[in-house]
Amino acid sequence: MLCIFFLSVYTRTCRNYASILGVVSDSTMNLVDALGRSFFDI
Numbered sequence: 000m001l002c003i004f005f006l007s008v009y010t011r012t013c014r015n016y017a018s019i020l021g022v023v024s025d026s027t028m029n030l031v032d033a034l035g036r037s038f039f040d041i
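Using numbering that gives the first Met the number 0, the letters of the sequence shown correspond one by one to residues 0 to 41.
These are computed hints drawn from the structure, not numbers from a lab. Glycine residues also receive a C-beta, built at the ideal position from the N, C-alpha and C atoms. Among the clues, some could well be false.
Per label pair, the in silico range of CB-to-CB distance [as the list claims (entries may be wrong)]:
1) 1 - 38: 51 to 57 Å
2) 8 - 39: 44 to 50 Å
3) 23 - 2: 27 to 33 Å
4) 3 - 32: 39 to 45 Å
All chains should be modelled from the sequences, with the hints used to inform the complete structure.
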């Protein structure tokens, strides 16, 4: 029973980290895209 509890907490934590990393990578890609566009427009 305790093992299942730890497993659920572990998977939840992994999902949270994955979503945070996903948001960070998305914003980073948007920033790079915007910088690239402004750089190539000049």
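Cross-check of the supplied hints:
1. A C-beta distance of roughly 54 Å is found between residue 1 and residue 38, which places it inside the suggested range of 51 to 57 Å.
2. The beta-carbon spacing between residue 8 and residue 39, approximately 46 Å, falls within the hinted interval of 44 to 50 Å.
3. Judged by the Cβ atoms, the range 27 to 33 Å given for residue 23 and residue 2 holds: they are separated by roughly 31 Å.
4. In this structure the supplied range 39 to 45 Å holds for residue 3 paired with residue 32, their Cβ-Cβ distance being about 43 Å.
Consistency with the previously given hints is maintained throughout, with no hint failing.
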